[in-house]
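When you get a sec, could you build the whole thing from the sequences and use the hints?
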Amino acid sequence: MGSKFEPKVVAFCCWWCAYGAADLAGISKLTYPASVRIVRVPCSGRIDALHILKAFRAGADGVIVAGCLKDGGCHYVDGNMKAERRVKALKKALDSVGIGSERLEMYFLSAGMPDKFVEYTTEFARRIEQLGPVGLEVKQA
Amino acid sequence: MTTIATLSLSGDAGCHVILASLHEKLIKLLEPHELVFCQILKDSRTIPDPVDLTLVEGSVRTEYDRERLREARARTKTFVAIGSCACFGGIQSLCNVLDRQELMRETYGAMAPETSLPRGDLPEVLPKNLPVHEVVNVDFSIPGCPPESDEVASCLQAILSGGTPQLSLKNVCDECKKERKGKLEAKIRRLTERPTDLDRCLLELGYVCMGPATRAGCQAKCLAANVPCEGCRGPADQKYDQGVAMLDALTSAGRDAISVYSLATMSAMYHRYSFATSILAKLFERK
Amino acid sequence: MSSRKPRIGVFVCHCGLNIAKSVDVKALREYASKMDGVACAVDYEFMCSETGQGLIKDSIKKHELNRVVVASCSPKLHELTFRRVLSEAGLNPFLLEMANIREQCSWAYLFEPEKATEKARHIVRSSIERSKFLQEIGEKEEPVKPSALVVGAGLAGIHAALGLADHGFQVYVIEKSPFVGGNAARLGNVFPTEDCGICIAPYSSEVHRKCLYKQQFVNNPLIKLYTLSRLKSLSGYVGNFRARVEQAPRHVDEKLCVDCGKCATACPVEVPNEYDLGLSRRKAVYLPLLQATPHAYVIDDSTCTRCGKCVEICPTKAINLEQKPSIIDLDVGTIVVAVGCEEFQPEGLFNFGKNEDVITQLKLARMLDQRSGEDIFRLSDGKPARRIVMIQCVGSRDKATHAYCSKICCMIALKHARTLKKMNPEVDITICYKDIRLPGRNYERYYTDCQELGVKFLWGDVTTIQENPDRSLRLGVGLATGGTASLEADLVVLSSAIVLSKETLELSRILNLTLSPDGFFMEQHPKLAPIDTNIDGIYICGTCQGPKDMPETIDQAMGTVAHAAIPMIAGKIKVDLAKAFVDEDLCIGCANCAAVCPYSAIEMTSGGTARVIEAVCKGCGICVAECPALAIQLRHYDDRQVLAAVEGILAEE
Amino acid sequence: MDAGELTIEPVTRIEGHSRVTILLEKKKVKGARFNIVESPRFFEKLLEGKFAEEAPRITQRICGVCPVAHHLASVKAVEAAWDCSPPEAAINLRRLMLVGQLISSHSLHLGFLALPDLLDLDDRSILGIAQRDPKLASSIFKLNRFGLRITEAVGGRAVHPVSAIPGGMSKPLEGELRDELLVTGKECMGMAYNLADLLDETGDNRRELIRCFDLGRTRYLSLTSDGQYELYDGKVAVLNPSGKKEIEFEPKDYSDHIAEKTIPHSYAKHPYLRRFGYPAGIYRVGPLARLNMTARATAGRVAEHVMSLAKRFGRPAHNTFAYDHARAIELVHAVEQALDMLTDPAIETNDVFVRAQPREGRGVGIVEAPRGLLIHDYRTDSDGLVTKANIVTPTTQNTPSIESETLRLASSLFPHAAGHVQEMLSRIEILIRAYDPCLTCSTHFVELRRSA
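Residue numbers (the working numbering), protein chains in the order written: chain A, 1 to 141; chain B, 1 to 287; chain C, 1 to 653; chain D, 1 to 452.
None of these hints come from the bench; they were simulated from the model. Where a beta carbon is used, it is the ideal one built from N, C-alpha and C, also for glycine. Among the hints, erroneous ones may be present.
To be verified - Label-pair ranges, simulated between beta-carbon atoms:
(1) 37/C - 74/B: 32 to 40 Å
(2) 595/C - 349/D: 36 to 44 Å
(3) 31/D - 74/B: 46 to 54 Å
(4) 88/A - 135/C: 28 to 36 Å
(5) 227/D - 74/B: 54 to 62 Å
(6) 188/B - 31/D: 55 to 63 Å
(7) 360/D - 246/C: 52 to 60 Å
Said to hold, decoys possible - With a Cα cut of at most 25 Å, we get these calculated SDA-like pairs of lysine to any residue:
(8) 187/B - 594/C
(9) 502/C - 351/C
(10) 140/C - 87/C
(11) 548/C - 594/C
(12) 527/C - 81/A
(13) 170/B - 640/C
(14) 434/C - 342/C
(15) 232/C - 180/B
(16) 34/C - 135/C
(17) 70/A - 404/C
(18) 261/D - 145/D
(19) 132/C - 639/C
(20) 140/C - 594/C
(21) 282/B - 98/A
(22) 26/C - 6/C
(23) 177/B - 174/D
(24) 170/B - 608/C
(25) 407/C - 71/A
(26) 261/D - 124/B
(27) 142/D - 29/B
(28) 224/C - 295/C
(29) 70/A - 527/C
(30) 30/D - 217/D
(31) 76/C - 31/A
(32) 221/B - 30/D
(33) 76/C - 112/A
(34) 252/D - 192/B
(35) 29/A - 110/C
(36) 76/C - 119/A
(37) 28/B - 145/D
(38) 176/C - 221/C
Written out as structure tokens, the structure reads:
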């Protein structure tokens, strides 16, 4: 078809910070790639490895985990730090299954950082665009 | 009278050994019924059509396995998967991350002094090893490597009397006698050292013990022998991924062994018997 | 009802043109109406309007809906509105799912209608898929005990206790030392009113001043004070805490002691009085100061020789040397933590600890409080101290020790300089500073006063300090304006930082309160919830939350009174059950969840399984990700619901 | 029937899947093939990159009938690679477990697989035995249970034990278990004698059947320690067809002596002795090899039976039926050995473990599995991860003989078999069963010497 590869990026956003930042980006009429698809979770610490892996299984080309700022920014004390550890371990696992760790990234931002939200998601979506499709069989519904 | 068949696919016959080890119980169990096909115990060569109950052991590794499985399923009313190979693909699924051609080449290829690959009328090896339920419908599953003999007996009894077999819904830790103190040691331990404290929970001591994510019913025998649970019975709830659950639990406890060792190493710890059904294995299925 | 086959109603809001301008709302409605499980799909200009809400309610009845998806603005705006709509229509409010197609869609792609419409489809599809797994979630009530525990009886704790007692609640106050008053009682006169620190009247008191410690606190029938007491453990949750307190023996019966002082006269042991930082001496049985509250002697176990002379001489038989520590269990609804701070001991800095004439401001405060003439004296040789140098920011605003500003040291230094100058205008005072920070009302006056009284201000860092043969000190100062200066001093006073005491760490562990990176107790939100903590029902005030002066401390104390009173006045708390819950069959009792829960919301039952205390759980779901046995799920965000949202948002059209 | 093929599929009452094909041409048997169609499970590849200390528990899944042998060969290989010597008490426990395995495996084979033929039952299965001779069935069950119970007591589980870890055993043998085993062991002794006698009698009763299993002479391979019967340690010896010890080598040198040939019609490979080439160098392993290798049986019932065997078949015995008798003799010996070990108080010693240090190395572990010599050969890296593995199972080693004997048997029977094809095929099956082939094992026979 010759059309540009349009990646699918799932952005798990914690309700208190990242989701708020995404809202504020909209309110500020800032734009970011439409390929970024937001899934709301109460806290980034809620995100299981299973959720991330299943997102890839379901056809995602990249996954973002977005939580509150480090050093006390987390509404649930340190859920974001737990998420970070999990993401680190999963990056390794993704490398081993041939998906590549660069398709998973964790970002930290506060609800008042719409510009960061836009910057991170744009940058990530570009990265995935360049990497191309993950080449997974999309699971039949 | 129920007609019964047993089928073994790719596996180690351990489930049949368990069946045989029911001894008098097996004789009694089968008395009012008829064992019509059991390649290891009887001389019949084909599964009759129809048959009431088929127990299938082993996973689907070759085209031949797949054919026989489909044929058996088509002839059977109640189809029971027995053992972890049939239920989850079993230990041989750890090869699912490897390329089939490479497997064949490395296994039969560069061998001294003469070299040739098996060919002719041998069944084709499938791209990956599959659990039974990914090929045909299964009515009941009795997991374990091998399943406990009491469990097999009671499940069979239940099925033969028209009921539903009851498996434990708890986890192995529930039956483990080791003491938990609620404190995880951050160190990752391997079984190159026997636990120093033989009364203490092995997970807490730093071993990768799959007990928390594995279905109970085995009386935690491995733990009683001071060896961590290998997860051979699969998760208590089959919709979960036992290995990913452990990976999750251990990473945030700071024991992210997976970031030290490769997936190839750790899959044998987290997914030793259930890799074929794990989400990680599914991620391999490329277009 | 939730187990029934889903009948989903999808309500697409135009939000005027906010959504409709870039999202083709008609096409979106059409798309949604064709999805599996959708019983009706409607679009309307303003769903949040009365008419829009009515439309939803009518549709719920007409189509027997059991799930509602509202595609509109962010749930941060109107989730509660629409939940109420569901309630009013007889549906459980948690059967609502919002699809955020404004903030996260129409506004982000204002001029790209195709993109916006496509993305809206993803978002709505995800919400519809997720809604299928939503379940009814109820709420329950928990009673709240009308009693409070106040930890610490310094300025903050006393004010909090008094306020809570004024509300009519039973208040238990525990204090680790034998007497109340904390640091405030040692400061002498305090700014900005220059009255005596131990006698400050509470805001609400009678017209004439009363000594706070003697009158109100001790005589209030609703306040029960436990001195020499420490919190050993805490269980329970908001409304139903149980605190276990260990009280060390006083050995003197407070009720029988008549303050005759005979015991102290008879006591053969004499040691430095820590209340005065060793400037005075006391006996093993003692009152640290005349105004001490409770007004009863105490025997210091660590120095008492058990000679029994005091027992013999006591006329009221108030003394019992055999008294043992006791354990007290207190059942309370709320807790105020007001454990205060300590002055940083800058060992090794500016010869502190090596040279007796290098002291801290607190010691100077004690010296000034005891003065009997126009001079204060060098501690080394008792000669009048005529040249005094104060060094600011010792241990504060310094990466090597504490990066934060201790906030009150500037005022303390100016207050002391002013007092000294007023006592004796001949005294030469130099203050070496980095910045002088005086943001409080009426504070600037101290600065102008000091300038008028001839206090010298030197902008720079003291870089060297040496002892002269006559025991005076020579200081080298690197000036901020360039160059150096040299100062001679009889006394060097360090304005030392405010820090939390070591035992506060242990307390934070017992209470499960988080500490901020600077080491103080962490408030729930620095701006919006400055006295609340990560644990519901526990509040913090005073310097344990960060450096502050007296007015601020009292502000916060009063704030905690107001907040702690809320559940206690209501007598109950409502707990929605959108919380984690444990499948006891699967639970293996590993206590992983309890270990990672930031709120101590998970307890281990006697049956060896975990139990979520719903009143405490805040629904973060950290435990869910953590559980190796997959025995915990979070209502409203269980695995199926999250995965349905993920798979929905990714599904091919 | 002039030309064509006769097939038996699946061969029943053996472990695993195989097919026998007899090729006919001009009323003559032209060829025979023993196809192992059991799927390959690639255990050697599977081990790569895994913690070596996990190998004993992973590799035993190769076989559900003789897991103990794999468990122990594997742990020995890891210990050899890591240069680690477990305490004597641990070795005693392992020997006990190996004997237990022999009891459970042999009783299973004799009772469930072989006897139905030899007793010429109508219902050729254990169910038939239970019907005809409940007492015999009951003693088979008891013996089988005793063997499994030993494995469970020492290994933690009856099938797929877990206790052998590099450095020793994860647990000692508890006193009460030892007492229990002693009691059942004594009960089983008589049953084992009876079973051996029964096999001896069969030798007399079914002379005609047995005679047709005289199918030639081969070499034999087994462990031996100074000419004595050995299951766990010692050297590997090669016995020539006349009963002379030709070669003796250390386990670690096995690949200098044994080579493997890929066979087009089988997922297993044919091993042979390098010195003699293929097919001259094919050899047999298992109960018969072990008895032939043993210089002199001690006194008692074992010695009597060995004499009887020698009298009937010569020494070394080559008749393939002798495998079944040898198996019964080993069963007697195993129960005796188990009782000896259990009687010695040393079996309860607590000191069963020394800490192993993972390191780079190569190790070969050889034990005698019920069906014969079992070889595990691993290389590990400095982290103790397996980098290469090679496993040679007994059935693999017997497969060339099974095939050549099938051909010979078919050829000898066929001219007379016209109209009795079923009888011929049945005899071929009986022949194959005598080897007690375990085809789940046989598929893992691989050498992973990757070309550089």
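Which hints from the list above does the structure break, by number from lowest to highest?
Result: hints 3, 11, 18 and 32 break, sorted rising.
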